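Enquirer: Residues per chain are reported as follows:
Number of protein chains: 4
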Amino acid sequence: MIIVLKSNVSDGELQHVLERVESLGFKTHLSRGTFRTILGLIGDETKTTPGELLTIPGVADVIPVMPPYKLACKEAHPQPSVVVVGGVKIGGGNLAMIAGPCSVEEPERMDAIAAAVVKAGANIYRGGAYKPRTSPYSFQGLGVEGLKILRETGQKHGVPVVTEVTDTRNVDKVAEYADMIQIGARNMQNFALLTEVGQTKRPVLLKRGMSATIEDLLMSAEYILSQGNNDVVLCERGVKGFDKHTRNLYDIAAVAVVKGLSHLPIIVDPSHATGRPDLIPPCALAGIAVGADGVHIEVHDCPEKAKSDGPQALLPAQYAEVCEQIRQLAALFGKTISPSPGAN
Amino acid sequence: MIIVLKSNVSDGELQHVLERVESLGFKTHLSRGTFRTILGLIGDETKTTPGELLTIPGVADVIPVMPPYKLACKEAHPQPSVVVVGGVKIGGGNLAMIAGPCSVEEPERMDAIAAAVVKAGANIYRGGAYKPRTSPYSFQGLGVEGLKILRETGQKHGVPVVTEVTDTRNVDKVAEYADMIQIGARNMQNFALLTEVGQTKRPVLLKRGMSATIEDLLMSAEYILSQGNNDVVLCERGVKGFDKHTRNLYDIAAVAVVKGLSHLPIIVDPSHATGRPDLIPPCALAGIAVGADGVHIEVHDCPEKAKSDGPQALLPAQYAEVCEQIRQLAALFGKTISPSPGAN
Amino acid sequence: MIIVLKSNVSDGELQHVLERVESLGFKTHLSRGTFRTILGLIGDETKTTPGELLTIPGVADVIPVMPPYKLACKEAHPQPSVVVVGGVKIGGGNLAMIAGPCSVEEPERMDAIAAAVVKAGANIYRGGAYKPRTSPYSFQGLGVEGLKILRETGQKHGVPVVTEVTDTRNVDKVAEYADMIQIGARNMQNFALLTEVGQTKRPVLLKRGMSATIEDLLMSAEYILSQGNNDVVLCERGVKGFDKHTRNLYDIAAVAVVKGLSHLPIIVDPSHATGRPDLIPPCALAGIAVGADGVHIEVHDCPEKAKSDGPQALLPAQYAEVCEQIRQLAALFGKTISPSPGAN
Amino acid sequence: MIIVLKSNVSDGELQHVLERVESLGFKTHLSRGTFRTILGLIGDETKTTPGELLTIPGVADVIPVMPPYKLACKEAHPQPSVVVVGGVKIGGGNLAMIAGPCSVEEPERMDAIAAAVVKAGANIYRGGAYKPRTSPYSFQGLGVEGLKILRETGQKHGVPVVTEVTDTRNVDKVAEYADMIQIGARNMQNFALLTEVGQTKRPVLLKRGMSATIEDLLMSAEYILSQGNNDVVLCERGVKGFDKHTRNLYDIAAVAVVKGLSHLPIIVDPSHATGRPDLIPPCALAGIAVGADGVHIEVHDCPEKAKSDGPQALLPAQYAEVCEQIRQLAALFGKTISPSPGAN
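Protein sequences, first through last, are from chains A, B, C and D. According to the working numbering, the first sequence is numbered sequentially starting from 78. According to the working numbering, the second sequence is numbered sequentially starting from 78. According to the working numbering, the third sequence is numbered sequentially starting from 78. According to the working numbering, the fourth sequence is numbered sequentially starting from 78.
To be clear, the hints were calculated from the coordinates, so they are not data collected in a lab. This structure is a prediction, so every number in the text was calculated from the model and none was measured. The reader is advised that the hints may include incorrect statements.
The list makes no distinction among identical chains, and a pair is therefore deemed to hold if it is satisfied within one copy or across any two copies.
Unchecked claim - Below, simulated SDA-like cross-link-like pairs (lysine to any residue); rule was C-alpha separation at most 25 Å, straight line:
(1) K382 - G120
(2) K233 - P184
(3) K412 - G164
(4) K166 - G128
(5) K83 - H106
(6) K166 - E398
(7) K147 - T126
(8) K321 - P354
(9) K124 - D293
(10) K166 - Q232
(11) K151 - P388
(12) K412 - G235
(13) K83 - P393
(14) K321 - R353
(15) K233 - I133
(16) K225 - H322
(17) K382 - H154
(18) K124 - N247
(19) K104 - I119
(20) K321 - S215
(21) K147 - G163
(22) K412 - S215
(23) K83 - V142
(24) K321 - E183
(25) K278 - V221
Based on the sequences and whatever the hints tell you, model everything.
Expert: Right under this line is the structure:
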């Protein structure tokens, strides 16, 4: 930790700063410059925070030198983590292909879509039973009934399932039915929910919030990891942008940045990032090319009748085409789509 | 609702579109242009959504003409709403002056800060018992113990209290101890939480999320209103920006925009918007000048020792000065700081 | 300047870093920490840049401790600068009231609008003769003819005039006819143009670019100052935002931030910041409340027939009302609208 | 064009609206709805603008149905354009590989870098002779001397050269020495400069501004096209973002969006988009995967001594590796790196 002192710091203030940081267990190195005086702190940075030091009179700035996400950072685990979801590996060269409709719908439709996406190459099936909808008047999901339909469909087609949880009171129920629990973008900083899923044994798919920095995302992962759940997969799904042509701004470079900072797998979600079926295939391929550990795509066999987010879903045939292209692209990078465990 | 058809729409597609919208109960007016064909829908817009119509083959765009926040919009309640919190009026010319420390701390400190801010002019006392912190290793709040301390302090000084709720499981408890329940920026789209506070009888302080559009904010208010709780006060506290000099980007024009769209009161929070004590006073005054119904400011008598967010708190003496300036400014606009109900 | 070295820096690399910075004339203070090693540089920071130091092998980060805008910074000129435009003072408690149509139009219209705004309180008259338009098919301004009309109108009504320059080749001509030269937001980083206006004797109104940081703005001012022209007035006119209700995002806190960093006057432009006549009055008042040295507002007596940007102009009667409110608000802050020099 | 009328529009206002639009040559279709009345305009949209119509009393909104970039849009030229730069094709399956140092430097260095990048696969050589620098105290480029060095280096190595122009007064000179003229991000809306390069016969590389929408970018291209110069290549180089890990926010989806709207080729610049050498290779590959027509990368053989932007340059060996990966990726998509015309 480096403390930059104010240019007009008095001797009394300086003395006080020194006493404070030494009382926190740090040794100090003082450098008096022509314009500014700086103070290097030698010791365990986790004993304080920049915010705390900033409040000491005479302090102009505090610069930390270690990442605050101690468990998520690469230094804590230099090799890429591999997260296993119902037998499907994610990370370390193994690609997750998560697909399915936005919402869980009636069993026949869920079955038809699952048959199509699994055939195409999907290895994890998705569908929302609890839907976070901007409007209170929109369809809010089928709840427990939806969880059951999703589970049965997954079992029939031999693929693990992932579904979103939106309320701490439902975490146990979701963990009972799902192989992987999703935290949506709007709940990325719902810390009570993060803590709760951190206490389950289920892998977590953590989507980046629309205005979350990469550090925010890794700190939210840290909430889950710090509860003892090591199986976190991150997901880039677009941040807030200013152009009306896409729903969000697909931040592909964030994938490469995360790869340099953390051992956790990270996948991309071009469906939510762009909100446009015509942009999903090229953006999915860009995700693989930049190094993502998988792709999350919404698929529906009749987008016109989807209960939510129909306009951004691919048709099964379009999805099959993307899968084929991803397979070829993955081969170029020495990666493979993880096989699904196969039908029961 | 206006439907713009694709330039190459076929007769068959057009026929299908007409059938679909008529089946939803709309009458239609078709205008065939040189370049594009448009379809005006006459009927009850709440029976469908633009997203649903967009999925019909041949449809290029859908333009709604009524706001989706039916209860929050001005058309539903042309006069400005006045929300009453423990006897303190907010809106309609009555200014809320919410002040207090970021976190609830020990009783003596809470008492000292309350004494100072109430004397200065604060009419609602704040303090967090459940703190949403970016890091799992930061102080997370005193919980129920904090709620009790806050309540007792408020009663002693004759002011209602507001505190944040972050978990659906704590809503009842918070509603028991607090006069007003705060939904923080990170939970603005935690719809389960919005629904739950909508079912209490407590007024709600709803803070705008960092990447929330004004429509998103009003839709979140709509969640609360649609549960039967009409007492919602909005709060502008800065959106995500790109300049490092401030913590967020204080969107003052949003206050004036909301005044044109909704009957709900809206206050400003220059503490979180700027994150810098030196910017709080001018930004608070700007908030009053633009038409806000009150100001939320963090105050601490020893920011250096605050358990959270110390660096962005005003000292009591600085707060007293701002209050005095706000009082004069308010008079110019024919507004007054609502008196606090007085000590028990 | 503080250099943070990479955690795995070798002794050889460290030696090389020390030699490099000493060859640049710096003395060094080395602090070896548990996790990181830091190096404080003592000497004249203007002899190098962080970018240059960052390229030395082994360097992880470089932290400057002096602002790069040496002439614009407060340290260079602790008192607020007062810029005088044709007899009208801006800064130091004197408010500029710049008003007029977006484009210079025919003489009769220019005369009528000038009569109205000067009567209301405007002390500088504006109008664009060279218009930066997004579309090549839009009206591009009257050119030299427009400059002449603007000049004559200003002289008749006894007010100085300001107009935009968009091409280095026109700087001399604009400087001949105008009392103040405007650099528009889209040209804020047109460094050739900044350099050219820096060589004139005319005061410059420098508008902030839509994605310019505050430091970018001050660096662009520095371009003008470094050419010997000290009369720069900054203008906040909104940055790029994500909400569709306003044209831009009015960054009012930037005014207060600039006041802390620089001696240059700064005004606000709520017309371009919001793009909506109904939002201009409250946002103008907010600008004065936050500490701006004046307000720039577009006024047209028939917005419907304006050659450009009609929809965001106030009517003369609306402008008169805003002026009256600003006058009262200014009095509260001990400021006054600078009187215009009076008709010839 | 569709006009949405205000909900409380009077009959007199409606009559006035009808007269105005009919006087502009439009036929009208009126649809009176339950909540709103809309008016469809049938005729040549280029005769008016939404802004003009918005000023008519009673008009609430105006919705255009044709893109305002008439020459740049796909409707004007359904096949992808192929731009030829000194014999090198860009677009239509032909990839541009633009590489070289940020600034033109001394001849020996330029020669060494050119030898390396051309050997690796670059087909256009770049270097700035006129540098737009944020600080007036930074190196501003070698000017005409730099143009000569660049030209000679290109000729020696048999590759065309591209360099930036920043001042209308230098356009002729730059056009004389360069095979392609670059308009930088900061000048994307320097309309005088766009008009001037539109009057040369040189192909133009137009970089997207940091807060430019995709429509803004295409409108700036339209400026050049409307002057008779059809050879415009667009370039995505990152927009303003809020995360500190990258210099800008690489908007890869914009490439796919542009492909759907325009016939113009578009390349990517991961150097400026990310500002970090370690992110350039994965982001370059992502650009090819999403469909870009080429990649612009800064390369320097000694970034530590580069006169500008050294920290974001690749070393020649790193560049060679990226080229090889791009070659393989391109083959997968049926594209090829255009061969350079060969040494004189």
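Enquirer: Taking the earlier hints as the rules, which of them does this structure contradict?
Expert: The structure conflicts with hints 4, 15, 16, 17, 18, 21, 22, 24, although it agrees with all the remaining ones.
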